[in-house]
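Engineer: Here is what each chain is made of, one letter per residue.
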Amino acid sequence: VLSVTARSGGRDVRDGVAAMAPLLLGFAPFALVIGSTVATVDQPVAGWAGSWLIFGGSAHLAALQGVADGSALLAIVTALLVNTRLLLYSASLVPRWRSQPRWFRLAGAALLVDPTWALAEQHADRGLPADAHRRFYLAAALTLGAGWSALVAAGALAGDRIPAGGLSVVVPLCLVALLGPRLRDRQHRWAATAAAGTAVVTAGWPAGTGILAAIAAGCVAATLAEGSAP
Amino acid sequence: VTTWLVVLAVGAGSFVLRAVPLLLGSRWVPTPRAERTMAYAGTAAVAALTVSAMRRGAPAAGEILGIATAAAVALPLATRGASMVRVLLTGSGAYVAVLGLGALMP
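Chains S and R, in that order, give the protein sequences. Under our numbering, residues 1 to 230 are what the first sequence spells out, in order. Under our numbering, residues 231 to 336 are what the second sequence spells out, in order.
For reference, chain R alone in the conformation it holds in the complex:
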């Protein structure tokens, strides 16, 4: 029930976000401040989710080091506009390298 509820609510809410300006036409004009705040909220949400996903994915201390390294290596690439495939491959390579080094250590 929870998953259906979430998917339907997010789907309906997203449709409203998509449709309201197009249906209201020129009557819907957000203030510049509201536009900027919406954009900041989106960035902040993705950043917070990234941290949450890193914590959930790395229960072991060695793994958090690997994931943090992967993110640190991938972030500059992503910022420069590299494709998602390239970001994934580069970050995953760093992750495997760190885990490999950890396994070699006594």
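This is chain S alone, in the form it adopts within the complex:
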């Protein structure tokens, strides 16, 4: 019985690592870009620590951009707004993780982000025992965390060797890649259009307050578009 349990446990771990590996490869360019941005802040170690502490590329990048803009408050508010989707991810796992112990719900929450959530949802639907799901999820999430932080570190170390001209286009393109899938929905298109337009108009506002105005404008536009939906 012990050998069967050990073998099946090992299989869960291997499945988790194998499921995450291709996703990690896909995120590699983004991690390198974040790393090169980390190299430009005044405390690169703090910037790198965000790869584990923030554990989300878009919020991490938003935080670093806010620091570059010179406003800590803007950096914190913007990054947290980018991460509000994590509330929804967490809520969607409540019924699936109801039977899991409290320590796992805490540890699992710390590692919850788009790819780990997607894999957790998919794996939980297979109806495997709770301990098998724990092993799968932790293996997948730790693979992502270790790989992600290593790639961010590599990007930070290579930061000086990446030409500034290349970075000037890569960061906006990474954000475009994150934005694109959201634009399939009409209300989100309104949110993005209003926010982008407002960000252009308010670019000269002090300490990045224009970004907050842009986010508010996006929310208002999307809500108004809901009312006019056919």
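Quick caveat, the hints were computed from the structure, so don't treat them as lab data. Warning: the hint list may mix true and false statements.
[Claimed, not checked] Below, a sample of chain S positions facing chain R; criterion: calculated Cβ distance under 10 Å: (1) Ala-49; (2) Ala-62; (3) Leu-81; (4) Tyr-89; (5) Ala-130; (6) Leu-138; (7) Ala-139; (8) Ala-153; (9) Pro-172; (10) Gln-187; (11) Thr-193; (12) Ala-222.
[As the list claims (entries may be wrong)] Quick look at which bits of chain R chain S covers, simulated, 3 or more residues with Cβ under 8 Å: (13) 261-271; (14) 309-323.
Just so it is clear, the structure is predicted and the values come from calculations on it, not from any experiment. Ideal Cβ placement from N, Cα and C applies to all residues, glycine included.
Following the hints, complete the assembly by docking chain R onto the known chain S.
Structural biologist: The following block gives chain R in isolation, referenced to the frame of chain S:
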């Protein structure tokens, strides 16, 4: 100090966002309107950051044209769900092409 402060605050705030529903269980139920507003705020934040990154990356007029073209070419691909690598390669190609054309002009 500022970078540590930001990273720790965003990390702590993000952990709260991740953990609260899982710890409260069925007692945490957002209204549909709150769910939608949170989703819109995320989209608006990424769009505003994109504009900010484009402006910061392109101090020269020729470069803003290259970056805007790269974004315009990459956005339809991203909307259709293309991978980040493909979006980056296609957009960067457009950027290099525009800068190359600009260099050839008298």
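Engineer: Now, for every hint given, state plainly whether the structure supports it.
Structural biologist: Each hint, compared with the structure:
1. Ala-49: Holds, about 6 Å.
2. Ala-62: Holds - the Cβ of S:Ala-62 comes within 10 Å of chain R, reaching about 6 Å at its closest.
3. Leu-81: holds (5 Å)
4. Tyr-89: At 8 Å from the nearest chain R Cβ, S:Tyr-89 passes the 10 Å test, so the hint holds.
5. Ala-130: At about 14 Å, which exceeds the 10 Å cut-off, the nearest Cβ of chain R leaves the hint on S:Ala-130 violated.
6. Leu-138: Violated: closest Cβ of chain R sits about 15 Å from S:Leu-138, beyond 10 Å.
7. Ala-139: Because about 19 Å separates S:Ala-139 from the closest Cβ in chain R, which is outside the 10 Å limit, the hint is violated.
8. Ala-153: violated (15 Å)
9. Pro-172: holds (4 Å)
10. Gln-187: Holds. Min distance 7 Å.
11. Thr-193: holds (8 Å)
12. Ala-222: Check passed: Cβ of S:Ala-222 comes within 4 Å of chain R, closer than 10 Å.
13. 261-271: The restraint on the region 261-271 of chain R holds, since 7 of its residues have a Cβ under 8 Å from chain S and three suffice.
14. 309-323: holds (count 11)
Against the hints set out earlier in the document, violations occur for numbers 5, 6, 7 and 8.
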